[in-house]
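Enquirer: Protein chains in written order, with the numbering used here: chain A, -12 to 347; chain B, 97 to 622.
Derived by calculation from the structure, the hints in this document are not laboratory data. Accuracy of the hints is not assured; some may be wrong.
Some chain A residues judged to face chain B by a derived CB distance under 10 Å, without partners named [claimed, not checked]: (1) T93; (2) H95; (3) R96; (4) I98; (5) S99; (6) F169; (7) S189; (8) P298.
In this text the structure is predicted, and so the values were computed from the model without any measurement. Beta carbons are placed, not taken as given, at the ideal position from N, Cα and C, and that holds for glycine.
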Amino acid sequence: MATAEIFAPPEPPETPAKSSVGFSPLTRYLLVRLALVLPMIWVLVTMVFILMRVIGDPITSASAGRLTSEQIAERKADAGFDRPILVQYWEYLSGLFRGDFGTTLTDHRPISDIFVVNGAATLELSIWALIVAFSVGMPLGRVAARYRDRLPDVLLRLAAILFYAAPVFFVGLLLKLAFAPFGWPVAGRASTGAELALQDVSPQTHIMLFDAILYGNTGYIVDVLQHAVLPAIALGLLTGGVFLRLVRVNLLQTLQMDYVTAARARGVPEKRVIRKHAFRNALVPVVTVMGMQMALLLAGAVLTETTFEWPGLGFTLTEYLIRRDFLAVQGIVTLLAVVVGVTSFLIDVIVAFVDPRVRF
Amino acid sequence: MKNTRRGVVLLAGMALVGIAAAGCGAGKTSEEGLIVGTTDKVISIDPAGAYDNGSMQIQTQVFSYLLNFPEGSTELTPDAAEKCEFSQPTEFTCTMKDGLTFANGNPLTAKSVAFSYQRIVDIDDPNGPVSLLTNMKSVEAKDDKTVVFTLNSPNDQTFPQVLVTSAGPIVDELTYPADKVLDDAAAVKANAFSGPYTIGTYQKNQLAEFKANPDYDGAFNKPKADKVTMKYYKDSNNLKLDIENGNIDVAWRSLTPTDIASLEKADGVKVHVGAGGELRYMVFNLKTMPGDDDDQKLAIRKAMASSIDRAELAEQVYKGTYAPAYSILPAGVPGAVESFKDMYGEKPDKAAAQKFLDDAGVKIPVTLPIQYNPDHYGSNSDQEYNAIKRQLEASGLFTVKLESTEWDTYSEERVNDGYPIFQLGWFPDFPDADNYLTPFLAPKNFLESHYEDDVTTKLLDDERTDGDQTSREATFKELQDRVAEQLPILPLLSGAQIAVAGDDIAGVEKTLDAAFKFRFTSLSKK
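Turn these sequences into a full structure, and let the hints steer you where they fit.
Expert: Spelled out as C-alpha cells, the structure:
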C-alpha cells in the first residue's frame, strides 16, 4: 500500500484557473501591465509638461533678449501661454490624444515630422546598437562564465566595466580618430550622394537601410551599412558591457542548478551542457533587463548621435535645447517617454511568453 | 547543423570584410556635384524669419535682390532691378528688369519687391531682419516696374546696401503669406526661387541640394557647377575630417584655428583666406566699470589699451586666423586707419599705462571684472580671455576677475548693466564702414553701455548722408580717432573669411571678397 502510494503518479498541477472575471492568467497579466503602463506614460508626460513650465513659458525662453516685454506678452497671448496652466495642460493632453504635438517655435517645423524623420534615425541606430550589444554581450558572457575566475573571465569582466563606464562620446571620439585616417565615414547616415538619392524612394521609410534596399542600389546599401558601423559600436558597447556581465552571472547561477548537475552526471559533454541546458535559461533575465536598457540606449543615443552627426531624436533634441525651443524639447521628450513606456510593456509581454512563471 | 552555423558565421564575416574594404576610401561620386560643408544652421529660408549666417547662405543662392555684389566686388550692381537711385532725399526708387519670373512661373515684379519688404516689417519675427529696415518709412509699388522706398532720414547712403542684406531677398507674393513666416518645406515645394540656384532635395540642417536656375540673369555670374549640395555639421571636428578625407569639396565656416592649422599641412586640400570682416572686442559699461569718476574710468580704459598684445592673441590663440585690430573698422574696410596703434602703440607699454593711471589718481592695482561668453563666439574665447587676463596682470597694474556666462543669460544681463567689462563680436551686414560705427556709437546703440556723445552723433549723421566718398572717409577717420580717444570699446582682433577646399576646386578665393557673400556660382571643379 505504501509502495503504491510512493509510485502513485503525482497529482496533476492545478490548471491555471480563470479569474473570477473570466480572463486567463496570461490575459490578466497583460491587462495589468497595460493598466500600469498607461498611468506611467501619463505621469511622464505630465512631468515633462510641468518641468517645461517651471523654467518659464516657451515664448519668453526662445525670444528673451530679442523682444520687448510688450512683444513677448503679445506673442504669449497669441500662442495661448497667458492662459491658466490647467487650461494649457488640458489642451496639451488632448492634443497628444489627437496626435497633434504642435509646431516648433524657432523653425516652424511640425513636431510630428520630427517623430517620423528623426525618430526613424534613432530607431535604426538603436537596432544596430542592440545587434552590437547582443553580439558582444552574449558570446563573451558565455565565455566569461565558462572560464570563471580564470584569465579570460578577468579580462572580459574588465572589458565589460570599461564598455559601460566609458562615456559614449569618448568612445565615439576614439573610434573616429582610429578609423577616419583610413577614409572610414565618421559623420551622417550615408554619403551625400546616397542620402540625396534615397530621398526619392517611394514609399520613404526614413530607415536608411530599408530605403537603400527599396532603391535597389547595392552601393548605397553598403554605404549605409558603413556609416552605421562606428555609431553602432559606440552605443552598442555601452549596453553590450551590461549584457556581458548579466549573461555571465546568470549562466553561473544556472550552471549550479540541479538539472545541470543531473545532465553532467548523465555524461553530457560540458559544451552541450552550457549550450543546450544552461545558456538558454540564463537568457530570460537578459530579456527583462533589455526593457530597462532601452532607456539607457536612448540616453546614450543623444551623445552618440551628436558625436557622429546622426540626425536622430537625440541630435535634434540638443539642437532645440541650444535654441531654447521648449515646445520642440517638450514634444521630443514626451515621445521618448512614450517609447520607454511602450518598450517596457512589450518586454513584459515577451517575458510572459518566454517564462510562463511570471504569469502566475 | 554545425556546418550551417559555421556557414552563417563565415558569410557574416565575409560581409563585414566586404563592408570594411568598401569603406576604406569611400568618398563622393562625381554625380553628386560639389559638396560644401558647414557648421552654420538654417533658421528659415523665408527672409522674414531669419537674420543669421546659415539662412543667409541659402538665401544668397536662391533669391534675387534688387541690387547685389558680383564676384570680387563691393560695387552695388543691379540684380533684379534695372537701376536704383535717390529720386528725392527721402525717396529711393528702383526700376525693375522686364520679364522676370520665379522658378515656379509666377511673375517677379515691383509688387513682389514691395510685398517682400513690407511683410518683414509686418511679421516682425524675433529671428527676422526687421532691425535693418529702421530707416524705411514705407515701400510702395507704383506699377509693375517701379518700387519706391520712403525713408525716415534723407540721403541715407547706407540704405542701398541694406537692399543686399538679409532684408533684401525678393519673395513671391502669390506663395508667401503676408502675415506669417513660411515654413521651409512649403518654401521648397513652392519653388518660388529666382536666384542662380533653386532647391531640389532639402532636409533642414542636414542637406540642401541646389540646382542651377537656367533663367537667372542677375548680378552673379552664371553657375559654373550645375549642382551644389550643402551638408550641415554639428561638430566642426567632423567637418574637418570630411574635408581632409575628400568626402566633401569645400568646408565653409567654421573650423577651429587648430583644425585650420592642421589642414594647412594636409595633402589634397588648400586653405583659402579672404577679406576680413569679423570684429572681436571688449565693451566698457561706462556706468559700472571700475573708477571713481569719468576721468579715472577713461584712464583705466587707456591703461588697458596700452597693456594688450593683440599680435600675441592672434598668433598664440588663433594661430594666425585672426589679425590684430587697431581700430573699430577692421583693416580692409574702406576708410580704415589704425588709430589705436597710433595712440597706444603696437606692443604693451607699461610705463604709458602707469602714467594714465597715475595722472588720474587711480589706485594700483585696479581690479577688473571681465565677462566673456564661451559658446557664442567660438570655443577659443576661453583661451582668448585667459590670455588677456595674463597680459593685463603681467603689467602689474591690474588684477583681473574673469567670469563666463552662457549666451542666453549673457545677452540679457549685459544690456541690464550686469557686466562692467565684457566681450562681444560683430559680423557686418554689408561692406560699408558705417555698419561698424552707427550700431555701436549712435544714441541708443545696441551695446547699451551708456555711451552717447553729441559730436560723434553729428559725425555719424554727416557720414551717412554724405554722397562724396572722399569726405566720407575723412569723417570715418575722425570717428575712429574719437573711438580710440574715448574708448567706449577696445577692438582686439579682426577675422578673415576662411574656407578650405580640395585641390581640384576652383573659384573659392574669388568669392571670399569684402562683400561677405559666399557665392556657389563661383565654384567649380578644375
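Enquirer: It remains to establish, for every hint, whether it holds in the given structure.
Expert: Status of the hints after comparison with the structure:
A hinted interface residue such as A:T93 counts as satisfied when its beta carbon comes closer than 10 Å to some beta carbon of chain B; here the least separation is about 7 Å, so the hint holds. Because the closest C-beta pair between A:H95 and chain B is about 4 Å apart, less than 10 Å, the hint holds. For A:R96, the suggested interface contact is upheld, since its CB lies about 7 Å from the closest CB of chain B, less than 10 Å. Using the Cβ-Cβ criterion of 10 Å, the hint placing A:I98 at the interface with chain B is not satisfied: the shortest such distance is roughly 12 Å.
The closest approach between the C-beta of A:S99 and any C-beta of chain B is roughly 12 Å, which is over the 10 Å cut-off, so the hint fails. Restraint check, A:F169 versus chain B: the minimum CB separation of about 5 Å is within 10 Å; hint holds. Given hint, A:S189 at the interface with chain B, is violated; its Cβ is 14 Å from that chain's nearest Cβ, farther than 10 Å. Given hint, A:P298 at the interface with chain B, holds; its Cβ is 5 Å from that chain's nearest Cβ, closer than 10 Å.
Hint violations for this structure: numbers 4, 5, 7, all remaining hints satisfied.
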